[in-house]
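S.K.: One letter stands for each residue in the lines below.
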Amino acid sequence: MPSTSYLTAVLVIVFTITLALRALPFAVLRTLRGSAMARQLSVRMPVGILAILAVSALHGTITQDPDALLYALVSVAVTIGVHLALGRRTILSVGLGTTVYVILLNAL
Amino acid sequence: MRDSFSAGLGIFPLGIALGLLVVQAGLPWWLAPALSLSAFAGSLELLLVGMMATVTPLAAIALTVFVVNFRHVFYAFSFPLHLVKHPVAKAYSVYAMIDEAYAVSASLPESERSARRLLAMQIACETYWVGGGLAGVALGAALPAPIKGLEFALCALFTVLTLDAFRSRQELPSLLLAGAGVTVALVLTPGIALFTALLLFVALLLARHALTARRPAEETADA
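These protein sequence lines map, in sequence, to chains A and B.
For the first sequence, the working numbering begins at 1 and goes up steadily by one.
For the second sequence, the working numbering begins at 109 and goes up steadily by one.
Note that these hints are calculated values from the structure, not bench results.
One should not assume that every hint holds.
[To be verified] Example chain B residues on the side facing chain A (calculated, C-beta under 7 Å, incomplete): (1) A149; (2) A264; (3) T267.
By construction, the Cβ of each residue, glycine as well, lies at the ideal position given by its N, Cα and C atoms.
My request is simple: use the sequences and hints to build the entire structure.
M.R.: This is how it looks when you write it as C-alpha cells:
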C-alpha cells in the first residue's frame, strides 16, 4: 500500500493544479472584460461545451462496455424523447434514460 | 437546491463508484472524501485511484491532472461568477466550479440566475459527491459487484442540459462547431478526447469571431 506521505503529496498536487486552472482564467478575464470577443465567447460557448461533455461522457460509457453502443444510443434517444415530450423535467428524463440503460445492459 | 437534484442523480452514483474503487484498489477509505474535497472533479478522481494504487510518479500525476482538468480554463468565459459578490463565496464558487455546476448554470437563462441559487447548487453538488464517496466506501465490503451502467446518468444529464441550453440560446453554428471538434478529437486522440475537443472548439469559435468581426468593420470603412 502506498505510504501516507505519498498519498498526501498527491492530494496537495491535485488541489493546487485544479484550483489554479479554475481560478487563473478569471484573473485574466478581468482585463478582457467588456471586449467584444469575451462577450461573444460567453454567449457562444455554453451550448457547444455541454454538447462536447455529453459526447465524451457517452464515449466514456461505451469504452467501459464496448458491447453497449446500441444500448447507449437507445438510452440517449429515450432521454431526449422523454425530455422533449414530457415537459423538460430534468430529473425524470435523466432517471428514465439511466434506468433504461441499466436494464438493457444488465438484463440482455 | 432543486437545480442540483438532477445533477445529484449523476454525481451520487459516480461518488459511490469512486468509493468502491478506492476500497477495491486497497487504498485507505479516507482517500475517497479527501480526493473529493481536494480535487472535486469526478472523472479525474476515478483516474487517479488507479494511478495511486500503483504509486505512479508524482510528476506523471501532475501532468495528468493538468491535461484532464484543463477544460476548466474555458468555463471562466461563461460561468456567472460576477453574480457572487462576497469574496469568500466567490472563492468557494471558483473552487467548486465542476462540470455539473457549470453545466447547470449554463443551461439556465440569464434572468433566472442568482448568487444564492448558484452557491446552493454548488454546495449541494459537493455534498452529493462526498456523500456518494462515503456510501461507496461503506458498500465496498458488502456488495459483491457494483451495479453496471449507473455511469450513464452523467451522459444523460449532459444531454438534457445541452437541450435546455439550446432552447434558451439558439446557437446552431456553435453546436455544429462543437460537433466537428469532438468528432476530430475522438478520431485523432481518443485518450484525451475531451481536452482536444475543447481546444478545437475554442479555436473554431475564435476563427468564427475573427471572420464575423472583420465584416462589419469593412462596411463602416466603406461608408
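S.K.: Each hint needs a verdict: does it hold in this structure or not?
M.R.: Hint check:
no. : hint : verdict
1   : A149 : 6 Å, holds
2   : A264 : 4 Å, holds
3   : T267 : 5 Å, holds
Every hint from the earlier list agrees with this structure, and none is contradicted.
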